[in-house]
Amino acid sequence: MVSRSRRRERQKLIAIVDYGMGNKHSVLNALQYLGIEAQVTADPEAVRLADRLILPGVGAFGAAMENLNRSGLREAMNEAVLRRGRPFLGICLGMQLVAGRGLEKGIFEGLGWVPGEVRLLQPNDPDIKLPHVGWNDIIIEGDFPLFQGLKKERAFYFVHSYAFCTDNPAHIAASCEYGGRFVAAVARDNIFATQFHPEKSQKNGLTILENFADWEGGPC
Amino acid sequence: MLKQRIIPSLLLKDGRMVKGKNFGQFRDVGDPVTAAKVYNAQKVDELMFLDIRPTRESREQVCRVIEEAACECFMPLTVGGGVQSVEDVKSFLDIGADKVAVNSAAVRTPELIRAAAELFGDQCVVVSVDYKVNAAGDRTVWIDSGSTDTGLDPLEHVKRCVALGAGEILLTSIDKEGTLEGYDLDYLDEVAGSVRTPVIASGGAGRLEDFFRALTETRVSAVSAASIFHFTDQSPIKVRFFLSNSGVNVRV
Amino acid sequence: MGLRLCSRCVTPETHETIFFDQEGVCNVCRQQEFKQEKIDWVAREKELHALLDTYRGKGDYDCIVPFSGGKDSTYTLYALVKEYGMKPLVVSFDHGFYRPTVQEGKLRTYRRLGVDVLQFTPNWHIVKQLMLESLKRKGDFCWHCHTGIFAYPMQVSVKYKIPLVIWGEPSAEYTSYYSYDDGPEEVDEERFNRFVNLGITAEDMAGMLGGKVTLRDLVPFTYPKLRDLKAINSRSFCLGSYIPWDVKKQSDLIKKELDWREEAVEGVPPEYGYEKIECMFQGVRDYLKFIKRGYARVSHLASIDIRNGRMSRESALDYVKKYEGKRPASLDIFLEYLDISETEFNEIAVSQLVYPNECDPAKLAKGDTLWDQKLWFRDPGAGSGKS
Numbered sequence: 001m002v003s004r005s006r007r008r009e010r011q012k013l014i015a016i017v018d019y020g021m022g023n024k025h026s027v028l029n030a031l032q033y034l035g036i037e038a039q040v041t042a043d044p045e046a047v048r049l050a051d052r053l054i055l056p057g058v059g060a061f062g063a064a065m066e067n068l069n070r071s072g073l074r075e076a077m078n079e080a081v082l083r084r085g086r087p088f089l090g091i092c093l094g095m096q097l098v099a100g101r102g103l104e105k106g107i108f109e110g111l112g113w114v115p116g117e118v119r120l121l122q123p124n125d126p127d128i129k130l131p132h133v134g135w136n137d138i139i140i141e142g143d144f145p146l147f148q149g150l151k152k153e154r155a156f157y158f159v160h161s162y163a164f165c166t167d168n169p170a171h172i173a174a175s176c177e178y179g180g181r182f183v184a185a186v187a188r189d190n191i192f193a194t195q196f197h198p199e200k201s202q203k204n205g206l207t208i209l210e211n212f213a214d215w216e217g218g219p220c
Numbered sequence: 221m222l223k224q225r226i227i228p229s230l231l232l233k234d235g236r237m238v239k240g241k242n243f244g245q246f247r248d249v250g251d252p253v254t255a256a257k258v259y260n261a262q263k264v265d266e267l268m269f270l271d272i273r274p275t276r277e278s279r280e281q282v283c284r285v286i287e288e289a290a291c292e293c294f295m296p297l298t299v300g301g302g303v304q305s306v307e308d309v310k311s312f313l314d315i316g317a318d319k320v321a322v323n324s325a326a327v328r329t330p331e332l333i334r335a336a337a338e339l340f341g342d343q344c345v346v347v348s349v350d351y352k353v354n355a356a357g358d359r360t361v362w363i364d365s366g367s368t369d370t371g372l373d374p375l376e377h378v379k380r381c382v383a384l385g386a387g388e389i390l391l392t393s394i395d396k397e398g399t400l401e402g403y404d405l406d407y408l409d410e411v412a413g414s415v416r417t418p419v420i421a422s423g424g425a426g427r428l429e430d431f432f433r434a435l436t437e438t439r440v441s442a443v444s445a446a447s448i449f450h451f452t453d454q455s456p457i458k459v460r461f462f463l464s465n466s467g468v469n470v471r472v
Numbered sequence: 473m474g475l476r477l478c479s480r481c482v483t484p485e486t487h488e489t490i491f492f493d494q495e496g497v498c499n500v501c502r503q504q505e506f507k508q509e510k511i512d513w514v515a516r517e518k519e520l521h522a523l524l525d526t527y528r529g530k531g532d533y534d535c536i537v538p539f540s541g542g543k544d545s546t547y548t549l550y551a552l553v554k555e556y557g558m559k560p561l562v563v564s565f566d567h568g569f570y571r572p573t574v575q576e577g578k579l580r581t582y583r584r585l586g587v588d589v590l591q592f593t594p595n596w597h598i599v600k601q602l603m604l605e606s607l608k609r610k611g612d613f614c615w616h617c618h619t620g621i622f623a624y625p626m627q628v629s630v631k632y633k634i635p636l637v638i639w640g641e642p643s644a645e646y647t648s649y650y651s652y653d654d655g656p657e658e659v660d661e662e663r664f665n666r667f668v669n670l671g672i673t674a675e676d677m678a679g680m681l682g683g684k685v686t687l688r689d690l691v692p693f694t695y696p697k698l699r700d701l702k703a704i705n706s707r708s709f710c711l712g713s714y715i716p717w718d719v720k721k722q723s724d725l726i727k728k729e730l731d732w733r734e735e736a737v738e739g740v741p742p743e744y745g746y747e748k749i750e751c752m753f754q755g756v757r758d759y760l761k762f763i764k765r766g767y768a769r770v771s772h773l774a775s776i777d778i779r780n781g782r783m784s785r786e787s788a789l790d791y792v793k794k795y796e797g798k799r800p801a802s803l804d805i806f807l808e809y810l811d812i813s814e815t816e817f818n819e820i821a822v823s824q825l826v827y828p829n830e831c832d833p834a835k836l837a838k839g840d841t842l843w844d845q846k847l848w849f850r851d852p853g854a855g856s857g858k859s
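Residue numbers (the numbering used here), protein chains in the order written: chain A, 1 to 220; chain B, 221 to 472; chain C, 473 to 859.
FYI, nobody ran anything at the bench for these hints, they're computed from the structure. Being a predicted model, the structure only gives us computed values, none of them experimental. Note that CB positions come from ideal geometry on N, CA and C, so glycine has one too. Treat the hints with care, as some may be off.
According to the in silico footprint, chain B covers these stretches of chain C (three or more CB under 8 Å from chain B) [as the list claims (entries may be wrong)]:
1) 601-615
2) 825-834
Mimicking DSSO-like on lysine-lysine, the simulated pairs with C-alpha atoms at most 30 Å apart in a straight line are [to be verified]:
3) Lys379(B) with Lys105(A)
4) Lys233(B) with Lys684(C)
5) Lys152(A) with Lys507(C)
6) Lys241(B) with Lys608(C)
7) Lys702(C) with Lys151(A)
8) Lys518(C) with Lys151(A)
9) Lys554(C) with Lys720(C)
10) Lys720(C) with Lys518(C)
11) Lys697(C) with Lys233(B)
12) Lys203(A) with Lys310(B)
13) Lys151(A) with Lys507(C)
14) Lys633(C) with Lys702(C)
15) Lys507(C) with Lys203(A)
16) Lys631(C) with Lys203(A)
17) Lys105(A) with Lys310(B)
18) Lys151(A) with Lys510(C)
19) Lys697(C) with Lys633(C)
20) Lys241(B) with Lys684(C)
21) Lys152(A) with Lys510(C)
22) Lys702(C) with Lys152(A)
23) Lys559(C) with Lys631(C)
24) Lys203(A) with Lys633(C)
25) Lys518(C) with Lys152(A)
26) Lys203(A) with Lys518(C)
27) Lys697(C) with Lys203(A)
28) Lys697(C) with Lys151(A)
29) Lys233(B) with Lys608(C)
30) Lys846(C) with Lys798(C)
31) Lys510(C) with Lys203(A)
32) Lys702(C) with Lys203(A)
33) Lys697(C) with Lys530(C)
Construct the entire structure; sequences and hints are all you get.
Rendered as structure tokens:
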């Protein structure tokens, strides 16, 4: 795949949102490896005007929302994603934040872009370890542009203790089995988000990032 | 369901990979950056880099290795060796590590575990516990690259670290390490069964059968190995095929 | 010995990357099924034509064809020149062990087809050290050959700015590092690191040999940097990803068109005279595999025949029993080249046993001597390879 990196006809700069919650460089490294233009930015203006956004993240829900609110990045992302309809990819904590609210160490309001709540994983077997860390297979729940071209083996790297919970199956792009099913990816219009880390999931993960770079925000 | 993991560990000394036996007699086993690329090509589950003689210079070398590895290897990277402060943890995370292993500091300044877990998330903190069996037949924790006996009981120490926020435990038998004679299975199962946090077995893998036994006869979540990959014709990819063939849930 | 075999072919559980499904059929057999039943080879060949069209006529050469004179590279070269009209630069890495029939055969092929050829021979002093080190570390003395064959043509590609490199047989034919249902097999650095180099890079070797060789000595075995390959838009793939690989059909074709000749090979029945004829130490290589893994080349070839409907499993098992597991006569030359004793060799081999195989090499019978062994290069006065 590397030796066949696709040429893009116009520059599409991806803004990787830096809100102080870790691992932005991993995503940047992956995109650079793929020959995709991207920059890490904490500047709300750059985020507001970005062609497309990636919201990575590792850490606590409450602290993350506080950072996003305080810095003006939340408003900037709302403008780019909700009003301008630009493609958005959330990763791990970046996926959880799109929920209505998060219940990690308190009750916090999320971005509210995809209805749902972030709750502690509760595997049905007490011997099952927490956090959920390692490679697990995802079950793809439909035809999604970002999931095109994946290898037949569908394991991705997860590391989390909390998960997105929603009653609306239409928004579930993929699920995963860990002592019960949980949501592995959500999709709504121009918003796509994964609980797993594509930038840490080798070939399949790189495929998702490449697909995101070409995605215009609509369905397949 | 979650797969069990095979994690190559890369011991670093003076910028090269080394491997020894019982934490001594180290031999050069290659270049850590190209080794990371080799392991990446073999689609390993993750990599662990451990600086065995941490100094200021070696820290810089290790950082360069991680930075280069992070440019072409897209899987979780754990780094350890000489981590004593939150700044140390942050500096490794900033250059591309996903997890940081804490060893001696977990004994001397255990509050580091809590501080790092709170600032960066518990999934970033791996507590590495090395132990040996003493003359009386008891296991005790050793630190400072296996040169100082703390007298602590490893299981109690692990439980304390988990309570402080450790995301994973790396448990290494110094007696077995580098011998290629198999893991310390009973004890691994005892520890892994006593905590909810994932435990990674380390020390002793020499044959394919050793991986199979550790993953099916104990409650560990992952196994780490080095000598078998450096000194025999085995590779992580061959190991995973063998394990999958034997019914173990691993990536192929 | 009691190794579990595939229920369809005769490949055992010790084969690297093997996996038996619920019917006991191995993944290599299943891949062959996929190759024979599910791939649209007509469409693939169309893709190949289109791909080659984009490279033909550009630069001094249309492509590089890495060449050894064996059946696969000879067929690949023939097909690209005669059937696909390409102007290749032939690049042949000399591992040091070409047999006389093959040397002559290469020349005949070059002259009949009319091609430009670059042949490269690495420093023998370095090669001997690499052979011994890789034998000790991995129970496989061919590191210099695996890496030279796959890295050197890529270096030529960068130096001469010829982006397209075309190989022959996909590894999916006999292992599962890559599989037919995962798309065309790219022969890139990832593949090199995944299995070709035995997990050892030139950078590793430089340190492992403790200063006796440097990175500069190991240039021929070093994969070019990613940025240099990207700069020329490198593309390197197997012809066998675009046309269905069939060793019997292809060997018959090159015998007819190029007078390509078979050769006797140690431990293998004469019917397989098209296989692995290009290396003097194929017998020693197979012997090591037998000691470590309990099977060797006959199992491999017979399994291929079973998968192609040319042999029954019963006949295959008979062949294996009759031909495998003998100590090759060429081991004497090998030991002389590396200046080690047979005891040392056996110790190394046994230290690399792959579970659950067991073997005592001292108990194995001796095989016959190849007719050309007496012609192989000998230089007993040259001194030891060890420093």
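Hints versus structure:
For the stretch 601-615 of chain C, the assignment as covered by chain B holds, since 4 residues bring a beta-carbon within under 8 Å of that chain's beta-carbons and 3 suffice. A count of 3 residues in the stretch 825-834 of chain C with a Cβ less than 8 Å from any Cβ of chain B is obtained; the coverage claim is therefore met, three being the minimum. Restraint check for Lys379(B) and Lys105(A): satisfied, since their Cα atoms lie roughly 22 Å apart, inside the 30 Å limit. A C-alpha spacing of about 20 Å is found between Lys233(B) and Lys684(C), which places the hinted pair at or below 30 Å, so the restraint holds.
The straight-line distance between the Cα atoms of Lys152(A) and Lys507(C) is roughly 16 Å, inside the 30 Å bound, and the hint therefore holds. A C-alpha spacing of about 17 Å is found between Lys241(B) and Lys608(C), which places the hinted pair at or below 30 Å, so the restraint holds. A C-alpha spacing of about 23 Å is found between Lys702(C) and Lys151(A), which places the hinted pair at or below 30 Å, so the restraint holds. Under the criterion of a C-alpha separation no larger than 30 Å, the hint pairing Lys518(C) with Lys151(A) is consistent with the structure, at around 23 Å.
Taken as a hint, the Lys554(C) and Lys720(C) pair is honoured in the structure, with Cα atoms around 19 Å apart against an allowance of 30 Å. Proposed proximity of Lys720(C) and Lys518(C) is supported: the alpha carbons are some 24 Å apart, at most 30 Å. For the given pair, Lys697(C) sits about 25 Å from Lys233(B) by alpha-carbon distance, which is consistent with the 30 Å threshold. Distance hint between Lys203(A) and Lys310(B) is fulfilled; the C-alpha atoms sit about 28 Å from each other, no more than 30 Å.
Proximity of Lys151(A) to Lys507(C) is assessed by CA-CA distance (about 17 Å); at most 30 Å being required, the pair is judged to hold. Between Lys633(C) and Lys702(C), the direct Cα distance comes to roughly 11 Å. Compliance with the 30 Å bound is thereby established for this hinted pair. For a cut-off of 30 Å, the pair hint linking Lys507(C) to Lys203(A) stands: about 23 Å separates their Cα positions. With a CA separation close to 29 Å, the supplied pair Lys631(C) and Lys203(A) stays within the 30 Å bound.
A hinted pair counts as satisfied when its Cα atoms are at most 30 Å apart, and Lys105(A) with Lys310(B) qualifies at roughly 23 Å. A hinted pair counts as satisfied when its Cα atoms are at most 30 Å apart, and Lys151(A) with Lys510(C) qualifies at roughly 17 Å. Restraint check for Lys697(C) and Lys633(C): satisfied, since their Cα atoms lie roughly 14 Å apart, inside the 30 Å limit. Between Lys241(B) and Lys684(C) the CA atoms are separated by roughly 24 Å; this keeps the pair inside 30 Å, and the hint holds.
Proximity of Lys152(A) to Lys510(C) is assessed by CA-CA distance (about 15 Å); at most 30 Å being required, the pair is judged to hold. The hinted pair formed by Lys702(C) and Lys152(A) meets the criterion: a straight-line CA distance of about 27 Å does not exceed 30 Å. Proposed proximity of Lys559(C) and Lys631(C) is supported: the alpha carbons are some 18 Å apart, at most 30 Å. Between Lys203(A) and Lys633(C), the direct Cα distance comes to roughly 28 Å. Compliance with the 30 Å bound is thereby established for this hinted pair.
With a CA separation close to 25 Å, the supplied pair Lys518(C) and Lys152(A) stays within the 30 Å bound. A threshold of 30 Å between alpha carbons decides the hint, and for Lys203(A) with Lys518(C) the separation of about 27 Å falls inside it, so the pair holds. In summary, the hint linking Lys697(C) to Lys203(A) is supported, as the alpha carbons are separated by about 20 Å, within the 30 Å threshold. Taking the CA atoms of Lys697(C) and Lys151(A), the gap is near 26 Å; set against the 30 Å cutoff, the hint holds.
Restraint check for Lys233(B) and Lys608(C): satisfied, since their Cα atoms lie roughly 23 Å apart, inside the 30 Å limit. For the proposed pair Lys846(C) and Lys798(C), the alpha carbon gap of about 20 Å is at most 30 Å, so the pair holds. Proposed proximity of Lys510(C) and Lys203(A) is supported: the alpha carbons are some 24 Å apart, at most 30 Å. As the CA atoms of Lys702(C) and Lys203(A) are separated by approximately 18 Å, the hinted pair is consistent with the 30 Å bound.
Restraint check: the Cα-Cα separation between Lys697(C) and Lys530(C) comes to about 23 Å, which is no more than 30 Å; the hinted pair holds.
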